[in-house]
Amino acid sequence: MAQPAQVAATEPVLAVRDITKTYGGVTALSGVSLSLSPGEVHCLAGENGCGKSTLIKIISGAERPDRGEIVIDGVAHGAMDPASAIRSGVQVIYQDFSLFPNLTVAENVTLTSAVADGNRLYSAAALRPAARKIVDELGLDLDLDADVERLTVADKQLTAICRALVHEARVIIMDEPTTALTHAEVARLFALVERLRNRGVALVFVSHKLDEVLQVSQRVTILRSGRHVVTAPADELSPTAIAHHMTGREVSEERLVSSLPADAPTVLDVRGLALEGAFADVSFTLRRGEILGVTGLLGSGRTEIAEALFGIARADRGEIEVDGKQLAIHRIDDAVRAGIGYVPEDRLTQGLFLEKSIADNIIAGSLDRHRSRARLLDRGRVRATIQTLFERLRVKAPNTRALVRSLSGGNAQRVVIAKWLATQPKVLMLNGPTVGVDVGSKAEILDILRKEAERGMGVIVISDDAPELVACCHRVLIVRRGRLVHELTADEVTVSSIQERMAA
Amino acid sequence: MSSVSTTQITGTSLELLRRLRGPNNEGALALILVGLVIVTSIANPAFFTVPTMFSVLRNSIVPLIFALGVLVVIISGGIDVSFPAIASFAAYSTVRAAQEFFDPGLIGAFAFALGLGALLGLVNGIVIARFRLPTLIVTLGSQGVFIGVLLTYVGSEYVAQLPGSLASLSKTNLLEVSSGGRGAFLPVMVIPAILLSVLVTWLLRRTMFGRGVYAIGGDVEAARRAGFPVVRIQLLIYVLVGMMAATAGVIFTIMGRSASPRDLVGIELDIIAAVVLGGASIFGGRGSVLGTLLGVLIVQVIGSSLILAGVPSAWQRAAVGFLLLVGVGVQAVAARRSARHRRVVRTEEVVA
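Keeping their order, the protein sequence lines are chains A and B.
First residue of the first sequence: 1, per our numbering; consecutive thereafter.
First residue of the second sequence: 1001, per our numbering; consecutive thereafter.
No lab work stands behind these hints: they were computed from the structure.
Treat the hints with care, since some could be wrong.
Claimed, not checked - The calculated lysine to any residue pairs, modelled on SDA-like cross-linking and capped at a C-alpha distance of 20 Å, are:
#, chain 1, residue 1, chain 2, residue 2
1, A, Lys133, A, Ala146
2, A, Lys396, A, Gly409
3, B, Lys1171, B, Val1050
4, A, Lys133, A, Ala191
5, A, Lys57, B, Arg1224
6, A, Lys57, B, Pro1229
7, A, Lys57, A, Tyr23
8, A, Lys57, B, Glu1221
9, A, Lys57, B, Val1230
10, A, Lys426, A, Thr266
11, A, Lys57, B, Val1220
12, A, Lys57, A, Gly68
13, A, Lys133, A, Asp145
Input sequences plus hints: build the corresponding full structure.
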């Protein structure tokens, strides 16, 4: 890849050339190159599994590339290790920040540089001024003596940024920096980014929230399936062009909702639901065959509402009716018995038995429905249910005996959905149904939801992916600060209306 | 929000309370200890005497040394149940070797025992750090192996006569007081216990190794990313526990004036209970030497008061087990409450 002419004037602070990395036969990166100039904000974009995280791990020394080199200040390295990367001024701020929750802000800020310096002794008092200096220079309001576990997400991020700067970081790589922040916090972060840029720090933002990141980036590099697709100045790329580069095809933002009879009866009626510290006064209804979107920022309470309906957290107040029958949902059992299903956000740890077969996973939630008269399992019916759902959801696997661990994200998600469909729920709630699923599978999963809705199930999709909500939801509820603040219906359901109201 | 204003009013007094409480509730533990001593003394005046106090201190020496090692493992987010086996192995082998071959002298004996302790600790460390296996299971297994090897190859019989170099210390006292016809004495072995407490405090607070232990206990993955040599630190932790256990084993043998490979079996309950009561978090990342010292003393005071009250020894074990459950329970409740607190804070912020 040739360097664009306008940045050739300044020597890149960091460059990677022709990086290739495979994991046991799967190619994660293939001949990827990237260069960073001082004072530049570079956006690294791509779909899940495109190799962004692998590239970061290689730059930070967490992984060794199979081929290629990392050039820092003109010196080529075959591979980095974490300590030498930090010594060279490369710092990664991971999505989880990699802070030590049990240590204070001051310790967190200074500890890694002490490690990188190869110190043997440690003195909290001697390191504190360095932490103080950075916090003051950036004009931040951080309590140096607070334990990090007591901080808000935004303050944790600031702590991580300070930590990066203490060791004179010249390259800061931030993984999904805006995902967990509120609108105001994002604005503060971007103001800080400008100050960092003026200090000559190069920043890499890894993100899928393009509209946000494009505001502060000078250049954008897009990866797809482990390959470099394009590097271009940010102002030359439109969001649609980026989406096109990321997916390799035209992504339709088409709205395609399943047919919903005007006289469809109400299946779920929630009135005045409240959980202290999470949400309050949540009331809505869901009709048979309807797909209802629930959206809001991370921490808005959208997940907690679903968890309360499913009995994971017990609501303090409020009434829940399913099919006109009032219910008390205290435990997950109560919800399942009432016909409510829930596909959690983190399906790999919460929704699946990874070491078990597809068949076992599909039937795991509905064994009670497949008993013979003697209270034993009715093998014939079990097999029939498994086979029907396996085919109906078009799970891509040689047969139902394949282990779930071997499936891709999209197929694993189908298995979780199949597990719930086997219980014949009246209401199915899905949290982030297409997180970690590739674009093709995403469309198919949404299609499955439409079909199941048409069969008469009520579906609730909890997501912060606006295009996904637009694509399949009849109505969208917007949660802000633990309250339902808007209800968008019919033509009001558009990407821009959702995004505006979510963040407002 | 009304709760905000009340937080502000109580904020300063809370701050004062927080400082008194110490980072790991050491203040609260000290209060509990004082309270226990007072209550027991009122119930049984025989308790509040120099001989009883000295006996509590005497009985705390070996548990404290064990506990210092266990503290380090627990802070790192692990657990070690093999330390009594390592202690027995190191101490008994040292005594037997001195019997069979020659008496290496006090320093030689300690060096030999420390070497064995380090070696056995290294075995634990290698399995745990290299293969990233759960520490409880590994040390449970290695404990069986160590005891089995000891009984099979080193011996199993009781040794009544210690080698001269060790026996000479058995009766050396640091302090002797006679009060009310009863002699009260404090053996010289309190000195190593104090020195080791200072050493572990220094290790944990003033060395990068110590910070690494806390870092690993806080978040292993973050520690790895920060460049801490995680494998090396874990190896060192288990070697350190092995050496502390060996030291405790030899001191136990000296103070007991005899050696048997089975004496220390079951002591892990008392030690782990003391460390957890002392505020070390079973989830890792928290704990202090001061808290551990207080935890050990609390367990010993409760033990002594139960003896004075004539409670059968079977119940003493139950009491210690109960204490461990209380310690763990308090931590779990506190963790849940702080999670809830965080959630409330978060929504308040958004609402404000």
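Restraint status (C-alpha distance of A:Lys57 to A:Gly68 at most 20 Å): Cα-Cα ~14 Å, so holds.
Pair hint A:Lys133 and A:Ala146, alpha-carbon separation not exceeding 20 Å: holds, 17 Å
Hinted pair A:Lys57 and B:Val1220, Cα distance within 20 Å: Distance ~16 Å between A:Lys57 and B:Val1220 Cα, so the pair holds.
Straight-line alpha-carbon gap A:Lys57 to B:Arg1224, limit 20 Å: Distance of about 12 Å is within 20 Å: holds.
20 Å limit on alpha-carbon distance, applied to hinted pair A:Lys396 and A:Gly409: The given pair, whose Cα atoms are some 11 Å apart, holds under the 20 Å limit.
Agreement of A:Lys57 and B:Glu1221 with the hint, judged by alpha carbon distance not exceeding 20 Å: Holds, because 13 Å separates the two Cα atoms, which is no more than 20 Å.
Satisfaction of hint between B:Val1230 and A:Lys57, Cα-Cα up to 20 Å: Measuring from Cα to Cα gives roughly 18 Å; hence the hint holds.
Given hint A:Thr266 paired with A:Lys426 - CA-CA distance at most 20 Å: Holds, because 11 Å separates the two Cα atoms, which is no more than 20 Å.
Restraint status (C-alpha distance of A:Lys57 to A:Tyr23 at most 20 Å): Answer holds: A:Lys57 to A:Tyr23 is near 13 Å, not above 20 Å.
Proposed proximity, A:Asp145 with A:Lys133 (alpha carbon, max 20 Å): It holds: about 14 Å lies between the C-alpha atoms, which stays within 20 Å.
Given pair status - B:Val1050, B:Lys1171, alpha carbons within 20 Å: Cα-Cα ~19 Å, so holds.
Hinted pair A:Lys133 and A:Ala191, Cα distance within 20 Å: holds, 19 Å
Going through the hint list in order, the structure satisfies each hint without exception.
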